[in-house]
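Assemble the complex: chain Z is given as a structure, and chain B must be docked to it using the hints.
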Amino acid sequence: KQEVTQIPAALSVPEGENLVLNCSFTDSAIYNLQWFRQDPGKGLTSLLLIQSSQREQTSGRLNASLDKSSGRSTLYIAASQPGDSATYLCAVPSYSGAGSYQLTFGKGTKLSVIP
Amino acid sequence: DGGITQSPKYLFRKEGQNVTLSCEQNLNHDAMYWYRQDPGQGLRLIYYSQIVNDFQKGDIAEGYSVSREKKESFPLTVTSAQKNPTAFYLCASIGGEQETQYFGPGTRLLVL
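In order, the protein sequences belong to chains Z and B.
If you read the first sequence in the numbering used here, its first letter stands for residue 16, the second for the next number, and so on.
If you read the second sequence in the numbering used here, its first letter stands for residue -14, the second for the next number, and so on.
In isolation and in its complexed conformation, chain Z is listed as follows (with noise of 0.2 Å):
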């Protein structure tokens, strides 16, 4: 069964700073990677989605890398602002009997931006 890790729990930089957020999973054979922003009490958003096929995905300040055979993802933040405090979640997919597609989920890295 895919199992999805995220780590650190929790991370506070101080505002300007390029960070890192990091996610692993244990089946490498996933079709896509999925990055999510969640504000509190509020919804999941979809902030990046990788496909297997690429390295990399760009979205402003935000840059999400897949390295399938690690099982490793990363979610690159340049020049952090408080706005960006949150907590980032991944999420892989995966296929299950009769074509059901179901996301595993990561449980989060809050992140603070302190100004």
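Hints are computed from structural coordinates only; laboratory data are not their basis.
Heads up, some of the hints might be wrong.
To be verified - Listed below are the simulated DSS-like cross-link pairs for lysine-lysine, each with C-alpha atoms no more than 25 Å apart in a straight line:
#, chain 1, residue 1, chain 2, residue 2
1, B, -6, Z, 57
2, Z, 122, B, -6
3, Z, 125, B, -6
Being a predicted model, the structure only gives us computed values, none of them experimental.
Leaving out everything else, chain B in the frame of chain Z:
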């Protein structure tokens, strides 16, 4: 605007009562999902539906029930058999070429 709506935002349940959480989407997605989120536990899958009139149990289905009579709607009922229902419930759908998952804003269920 396309998206997923969940109602109510807060829901209070009395002991022994069944309550139903609403989830509606106008994204024309076939697949819909219900997750439960507890502090420090991450998201756990309750039920999912790949197509109308069909659904499957997730990892923690006991004490919950669902229906999928319309493509747009996937309501979740928390039954009296669910002894620890206090949590944040998230509805989601998957669609598009890249199979991106979209989430609703969530419903927080509290027990009186």
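Hints versus structure:
no., hint, verdict
1, B/-6 with Z/57, "holds, 10 Å"
2, Z/122 with B/-6, "holds, 23 Å"
3, Z/125 with B/-6, "holds, 23 Å"
Hint compliance for this structure: every hint is met.
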